[in-house]
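Novice: Since the structure of chain A is already known, use the hints to place chain B on it.
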Amino acid sequence: GMSEFTAAETPASIAPPPAGFSFENVKRNASLASSSSGGAYTQAKAMKTGTTIVGTIFKGGVVLGADTRATGDTTVIVTACTLLKRMLFRYQGHVSAALVLGGCDINGPHVYQIYPHGSTGKLPYTTMGSGSLAAMSVFESEWKEDMTEDEAKGLVERAISAGIYNDLGSGSNCDTCVIRTDGSVQMNRGVLQENPVQPLRAAIKRSDR
Amino acid sequence: MDAALAHSFTISPESSRLKPGELSTGTTIMAVPFEGGVVLGADSRVSTGTYIANRTSDKIAQLSEKIFCCRSGSAADTQALTDYVRFYLQQWEVETGRDATVKVAAHLMRKICYQNKDNLSAGVIVGGWDEVDGGSVYNIPLGGTMIKMNCAIGGSGSTYIYGLTDALYKPNMTKAETVAMVKKSISHAMARDGSSGGIIRTCIVEKSGVEREYIPGNQLPYGP
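Protein chains in written order, with our numbering: chain A, 323 to 531; chain B, 1420 to 1643.
Isolated chain A, as found in the complex:
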């Protein structure tokens, strides 16, 4: 009958998993994908997000920038550099997260770069992602100390543009985020809209128009 729905206790198989990453299926997937299983199963490939992300300090705060192809949900990075690096180190690089962390505290604006294996670096400006070399070439040519907010935003936008246009893994538009020492935070989605698709879509002749 309907005994499984009236069970007094939640069976282990549908209990909520413990917190953190679950690697239960790694062994199973490996043996399914191996030749000994008959080769019928092809493993789904994880989607790699190539990207361009940058961060720089200026006189009154920090500016972070990102191309929109990498930006999905509105996820907020609230953990400090140490918590991030400790977690990433614990997972020995298997958590594939390369981060630019920016924020302001009592000592002023700060930017950190955090690599997947758990190493960090504190810098006045940094870039990460597949488009980082293109973006860094802009920063290395044009960054200067004590920029104003507008100068910093312009620089970040040019650096992300370099990634969008010169890196195949980055594209679409640019988002920036300004975090000021006075505590205000301003998120600018689509601050650069250099690749508008709407006009292109509208130009397609379709039978339903």
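Because the hints were derived from the structure by calculation, they are not lab data. Here the structure is a predicted model, which means the values were calculated and not measured. Treat each hint with caution, since some may be false.
[Said to hold, decoys possible] Simulated coverage check for chain B against chain A, where a stretch passes if three residues somewhere in it have a Cβ under 8 Å from a Cβ of chain A: (1) 1461-1472; (2) 1483-1495.
[Stated by the list, open to error] Straight-line alpha carbon distances no greater than 30 Å define the calculated DSSO-like cross-link-like pairs of lysine-lysine that follow: (3) A:K367 to A:K381; (4) A:K444 to B:K1602; (5) A:K349 to B:K1602.
Built from N, CA and C at the ideal position, the CB exists for glycine as well.
Specialist: Structure of chain B alone, referenced to chain A:
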């Protein structure tokens, strides 16, 4: 010379054990004690493959007030290592009520390096000043051997300056002579080793305190 063979001679033991994509403090590090203190020096290059992830990094980490450590090998491993040793040293100082000695710091570092030798890619040089032994330097290469030395060098760039440091080193050098020797040796290594470069950071530790300085990349004692 076959390109693959040539490449294998220039990879140091530390960099051949790195996982793909892991950051390497390719590096040249050095520490030399003098009468009354110690001079530690390092380059500033952190690379992942052929890209320089950080050209101004600080590879001289502070373990306690007068004890420092130069890091080479995997950036992630050595940062985690120094965080652990700093933490244990702080505990040690609270529990014993005394300032840590360089020997204690080096032994702690060595224990962790040896016990985790299969999972770590780290070569460190611990140097500092304490009341018991004055200035002292301990070299802890891959695997967790610990050797007290009069002139310790480490990292991928060190292979190019063994001859130079053997020739330049004299016992009982003054502080100024020691600093000059460290800066000159690291410059020579940076000129020949692709994984070393940027600026030279130095740290001079004595009873009176700690002095940290750096030489910009265009003002090195030797180089193009």
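Novice: State for each hint whether it applies.
Specialist: A quick look at each hint next to the structure:
1. Three residues within the 8 Å Cβ limit are the bar, and the region 1461-1472 of chain B against chain A gives 4, so the coverage statement holds.
2. With 3 residues having a Cβ less than 8 Å from any Cβ of chain A, the region 1483-1495 of chain B passes the three-residue criterion, so the hint holds.
3. For the suggested pair K367 of chain A and K381 of chain A, the alpha carbons sit about 44 Å apart, so the restraint of at most 30 Å is broken.
4. A hinted pair counts as satisfied when its Cα atoms are at most 30 Å apart, and K444 of chain A with K1602 of chain B qualifies at roughly 24 Å.
5. Between the alpha carbons of K349 of chain A and K1602 of chain B the distance comes to roughly 51 Å, so the proposed pair goes past 30 Å and is violated.
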